[in-house]
Amino acid sequence: MNGSIFVNLPFIVVAVLLALGFYTIGFKRNLIKVVIGIEILEGAVNMFIVALGYVKGGYAPIYTQAPPEAAGKMVLPTPQALTLTSIVIGVAVTALMLAFAVNIYKHYGTLDVTKIRRLRG
Amino acid sequence: MMEHLPALMIAIPLFGAFTAPLFKKHYKEVSIWAIIITGITVVLSLLLAKEVVTGGIMVYVFGADKPTLVLPSGYSVPIRIMFEVDAMSAFMAISATLMSFIGAIYSYSHVERETGLEKYYALLMLLEVGILGMVLTGDLFNLFVFLEIAGIAGSALVGFRNYRGEASEAGIKYLIVSAVASLMVLFAVGILYGQYGNLNLAYIAKNVSFNMVDMVAFGLLFTSFAMKCGAVPMHYWVPDAYTEVPAGINPPLLVATYASLYALFRVSFTLFANVVIDLARVGWIMSILGVLTMFIGVTMALVQKDVKRLMSYHAISQTGYMLLGVGVGLTVLHDPSKLAEFGRDAMAGGVFHIINHIIYKSLLLMTAGALFYATGTRNLNEMGGLARKMPITTISFMIGAAAISGLPPFNGFASKLLIYETSYRLNPLLTVFAMVTSVLTLASFVKVFASAFLGPPLEKFENTREVPKPMIIAMVILAALCILFGLFPNLVLDKLVYPAVDALINSAQYHSWGGLA
Chain A
1 MNGSIFVNLP FIVVAVLLAL GFYTIGFKRN LIKVVIGIEI LEGAVNMFIV ALGYVKGGYA
61 PIYTQAPPEA AGKMVLPTPQ ALTLTSIVIG VAVTALMLAF AVNIYKHYGT LDVTKIRRLR
121 G
Chain B
1 MMEHLPALMI AIPLFGAFTA PLFKKHYKEV SIWAIIITGI TVVLSLLLAK EVVTGGIMVY
61 VFGADKPTLV LPSGYSVPIR IMFEVDAMSA FMAISATLMS FIGAIYSYSH VERETGLEKY
121 YALLMLLEVG ILGMVLTGDL FNLFVFLEIA GIAGSALVGF RNYRGEASEA GIKYLIVSAV
181 ASLMVLFAVG ILYGQYGNLN LAYIAKNVSF NMVDMVAFGL LFTSFAMKCG AVPMHYWVPD
241 AYTEVPAGIN PPLLVATYAS LYALFRVSFT LFANVVIDLA RVGWIMSILG VLTMFIGVTM
301 ALVQKDVKRL MSYHAISQTG YMLLGVGVGL TVLHDPSKLA EFGRDAMAGG VFHIINHIIY
361 KSLLLMTAGA LFYATGTRNL NEMGGLARKM PITTISFMIG AAAISGLPPF NGFASKLLIY
421 ETSYRLNPLL TVFAMVTSVL TLASFVKVFA SAFLGPPLEK FENTREVPKP MIIAMVILAA
481 LCILFGLFPN LVLDKLVYPA VDALINSAQY HSWGGLA
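Quick note, the sequences are listed as chains A and B, same order.
First residue of the first sequence? That's 1 in this note's numbering, and the numbers climb one at a time after it.
First residue of the second sequence? That's 1 in this note's numbering, and the numbers climb one at a time after it.
Just chain B, same shape as in the assembly (with noise of 0.2 angstroms):
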């Protein structure tokens, strides 16, 4: 049973997402429907998690005999289609799950006003399917298949108001930047087939010889998963597709911009691991872009009216720490005493970060979608006095947006600390803009709070309540784990995402699948 876990995590959503159009116009149950299937994926995603965590690296092939035989019928190549779980893939999958859960709780009231919901639904899981496959899978070919699934869903969700021309306009920026990028991965995959006759990543990064051809390859994957994590310079679709897309989504497509993340971590570690000399290169270079996109996406954020759309500028920001992070430790992957002494911890914190990021944004995004819900509007200028009246929610704002400055005893603190130490031993200049970034942050979080939720109360609002509760169940969950991670970063650590950091690092353990050929 447990051997099928991985399988079944693709399964499940994908049952989920083809069935609730059969739901039509019974709004209720579809949503209800939604919050089961992806609460037993999350369910499933732990069990995942123990099981790599304890008995190393999982290996599913497809259609094999047995789902651990790497080369059935006597192949001396892998060839069916291989699903490989480590660590850093399962660390991602509980991410994904577990947004997915929270996002379906929340829209259960989100969009009740809205009709065709159970398509809405059926993306909803179709996203959360094309995040783990991303994820999980162990094959370049799939890689861009649940690229553009995760691709497809996520931007016709974007454009799920389809009454607003701007949800369109969103959508189709969102589309034509996921398959620009998605397109060239493909491009990358056929010039490695074209080359080592195999699209198992394990295999082709145990023959990669990185001659021109690899390097252009390399280059294409990168831009191409650079350009769908939104790292500046082309993060322009990111505050336009976060803002115009319903609260409920902000979570799981949150989850998908940093699968893009996690598929350009395992190019850099996993595919190319074994080319010594320009790897260090590319760390500095993901450090820069990291620097840069924290800088200009928060400063960006600063002049922002739109309540959600500031809060999207703050998730560029955002991914230049996990950039900057995990960068420091690719610049050194191949110096060992440099990474036991800081590049482990930089890496650490850079994953760290993603959950923690995913956690306190998708949070501030449900926020900012409880005032949109409350108050028709997201222009923070004809907001004001709205803390008395929506107290949880101001309360959940507070601990979100302490959490993204950086504030102690929040999740925030716990990464960006592990960050701003080990980027300072690298360079002391990183860590500098690392930390203006955070001050910068928590000033344009500070303006928010004071526009929409002190002052007067403003008569117009006179009417407004608390959002009902499914909403508020989410933004509590996400609440109390900003604080849990906050109080306890190393329960996590330890058990999460230190194993995922050793994954990326042991490169050699995931070429052998785990030991298995």
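Bound conformation, chain A alone (with noise of 0.2 angstroms):
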């Protein structure tokens, strides 16, 4: 019982912090917000992968003075590689969002995302 609790007390993680990245984007005014809203959905996967490459029992895969019972159990280290990438590539994405945030601030004089609708119809 307890047990299997622990286990999957990461994906129940998961699935809060997606529910709190969606509420963030759905319902924030401030496009500040809705930009961390998405940094949260972000830390959501990242976790869920990370979560997934748990291996119970598993060494992780450096070889450079590896115990000897590591021997054949060493994980697969693709997840944190994958996990690497989508920090890598969600930086980008928060500067880039952040930018147009201060741009449309220069321009709009607010971040209301209700009263960026210049663009309609």
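Since the hints were made in silico from the structure, they are not lab data.
Keep in mind the model is a prediction, meaning the values are calculated, not measured.
Where hints are given, some of them may not hold.
Under the rule of at most 27 angstroms between Cα atoms (straight-line distance), these lysine-lysine pairs were calculated in the DSSO-like manner [as the list claims (entries may be wrong)]:
| no. | chain 1 | residue 1 | chain 2 | residue 2 |
| --- | --- | --- | --- | --- |
| 1 | B | K460 | B | K447 |
| 2 | B | K119 | A | K106 |
| 3 | B | K305 | B | K389 |
| 4 | A | K106 | B | K25 |
| 5 | B | K25 | B | K469 |
| 6 | A | K73 | A | K56 |
| 7 | B | K24 | B | K469 |
| 8 | B | K119 | B | K469 |
| 9 | A | K115 | B | K305 |
Distance ranges between label pairs, derived from CB positions [said to hold, decoys possible]:
| no. | chain 1 | residue 1 | chain 2 | residue 2 | range |
| --- | --- | --- | --- | --- | --- |
| 10 | B | E341 | A | V7 | 47 to 55 angstroms |
| 11 | B | M212 | A | G26 | 19 to 27 angstroms |
| 12 | A | Y105 | B | A508 | 51 to 59 angstroms |
| 13 | A | A19 | B | F15 | 39 to 47 angstroms |
| 14 | B | M212 | A | L9 | 19 to 27 angstroms |
| 15 | B | L487 | A | F22 | 44 to 52 angstroms |
| 16 | A | T64 | B | G515 | 38 to 46 angstroms |
| 17 | B | I473 | A | K106 | 30 to 38 angstroms |
| 18 | B | L484 | A | F22 | 45 to 53 angstroms |
Just so you have them, the derived chain B footprint on chain A, three or more residues with Cβ under 8 angstroms [claimed, not checked]:
| no. | stretch |
| --- | --- |
| 19 | 24-37 |
| 20 | 69-83 |
| 21 | 104-111 |
Yeah, the Cβ is synthetic: ideal placement off N, Cα and C, and Gly gets one too.
Reassemble the complex: the two chains are provided individually, in unrelated frames, and hints are given to aid placement.
So this is what it looks like as structure tokens:
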């Protein structure tokens, strides 16, 4: 009973973060908060992949000074590699979104998404 | 040499993109550099298509001793990054490179008054890299990476005119949509990885069991890619992005949208091809989504006053035709007799419509860009009598408008006829909507033609002249392609479209990496 909760805890956190992220994107009016919402979503997805990559009894795939019992038990580091890539991409996306937000504030004088609506129809 | 083509397709525009910023302040040189690089990629993509159509699927494994070695070093499952090019990928690659080339030529004059052009061209080539990567890859995670590259480069280009607040507004909208869509793609990739322990498309497709969790992954992938390709109800970003982006970027941006459509097809046809039961339902969803998309798109287009915005709504509407054609094919995918009877032709219509639409919509958006270049406005009510001043733009516009409305002998007719004929076999109601949409399209383009080009010459446009040569060349190439594809549709159908459709249908070939493993 206790064990299953602990094993699934990361996934519960992922679900909560996903819900939080979508809520922030959908219902917050400040553009910066929308950007934060996307960051939360990204954190959720990254955490999901890292949590998937955990194998009970596995060893980190570092061959230098690996203990003898690690032979044949090293995990494939793909999820970690995916997460690193995704984090790097996320930084670029965030930087660009914040740059847009700065530019929008310069031209519109507000960050309220309900008022940034010159394009319509 | 030939076996390295898939890698070169990415490497060359990437090289171009990262060397472009070195041409700081040398705007003429950097635009010529971009034209050269994109020109080379056009040649490469044609070579690639030739190789694939004659020799079957091409596989390129990065970092292996030999690029065709799917399972190097005695692995039992593919682990390395892999490109897998079938006829459908080659078809999309040709569209992407051709349109980037046309966009680069057009941009030579269109954005000459702007600053920061070295970054503009760097982003253009980066956008091309993103699209090419998406259509050539055989790896799900790679798909996500290139989706993000295309999304970032595309939205940066949408916001390129940063002295306009509207450009930033459209840019952030596009970026938010693409960021959320890509994150959901990554989430789905994570789900699939957790189940099958692999990221290779072909490997997962062979093992997919379509349990509950797979369904969630499929739903996420379907929704995200539908969102990125501008299907209703997630279409709201399309008009903003297409309107604010400089007209020279419109062609590659269109292809970027359809690269997502390609990914949607790839997921439905290749990744979940072995799932027999539910595929018909997915096909129906796709067809109905298509009909809704085309109808809602065109009705919103009718009321627009901004010429580029009007055309952008038509872009949404035309995406519906592709979804309808391919959706009809997907509905009958596991019914061999119906598939041979009309399913294959329906898909051919949908796939053919992709390239046709890319050509004529780019042409139309470029003529809109030319109008903006010459008059400084995009408002239809302020234009008038421009036919005398800009004859070549006028003729290009007429050809594009005739093609989008599906009038013979232009290319839109060729693919729309295939879609009408085949969707009628599935359900006549689908065809009725498709045809009504076509009529409404014609109506709204007649309106544009009348208000922008016809009428008495206005005093304020007395000094307006025809746009510079590079823009004309780009428009004339596309207009010529419109006529060429319309007069000889069989040429394109046999050489490119039917191989692409067969590649989608015969997923077994793709699953075995073209028989290599």
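Checked hints:
{"no.": "1", "hint": "B/K460 x B/K447", "in the structure": "holds, 21 angstroms"}
{"no.": "2", "hint": "B/K119 x A/K106", "in the structure": "holds, 22 angstroms"}
{"no.": "3", "hint": "B/K305 x B/K389", "in the structure": "holds, 21 angstroms"}
{"no.": "4", "hint": "A/K106 x B/K25", "in the structure": "holds, 26 angstroms"}
{"no.": "5", "hint": "B/K25 x B/K469", "in the structure": "holds, 22 angstroms"}
{"no.": "6", "hint": "A/K73 x A/K56", "in the structure": "holds, 10 angstroms"}
{"no.": "7", "hint": "B/K24 x B/K469", "in the structure": "holds, 24 angstroms"}
{"no.": "8", "hint": "B/K119 x B/K469", "in the structure": "holds, 23 angstroms"}
{"no.": "9", "hint": "A/K115 x B/K305", "in the structure": "holds, 22 angstroms"}
{"no.": "10", "hint": "B/E341 x A/V7: 47 to 55 angstroms", "in the structure": "holds, 52 angstroms"}
{"no.": "11", "hint": "B/M212 x A/G26: 19 to 27 angstroms", "in the structure": "holds, 26 angstroms"}
{"no.": "12", "hint": "A/Y105 x B/A508: 51 to 59 angstroms", "in the structure": "holds, 54 angstroms"}
{"no.": "13", "hint": "A/A19 x B/F15: 39 to 47 angstroms", "in the structure": "holds, 43 angstroms"}
{"no.": "14", "hint": "B/M212 x A/L9: 19 to 27 angstroms", "in the structure": "holds, 21 angstroms"}
{"no.": "15", "hint": "B/L487 x A/F22: 44 to 52 angstroms", "in the structure": "holds, 50 angstroms"}
{"no.": "16", "hint": "A/T64 x B/G515: 38 to 46 angstroms", "in the structure": "holds, 40 angstroms"}
{"no.": "17", "hint": "B/I473 x A/K106: 30 to 38 angstroms", "in the structure": "holds, 37 angstroms"}
{"no.": "18", "hint": "B/L484 x A/F22: 45 to 53 angstroms", "in the structure": "holds, 47 angstroms"}
{"no.": "19", "hint": "24-37", "in the structure": "holds (count 3)"}
{"no.": "20", "hint": "69-83", "in the structure": "holds (count 4)"}
{"no.": "21", "hint": "104-111", "in the structure": "holds (count 4)"}
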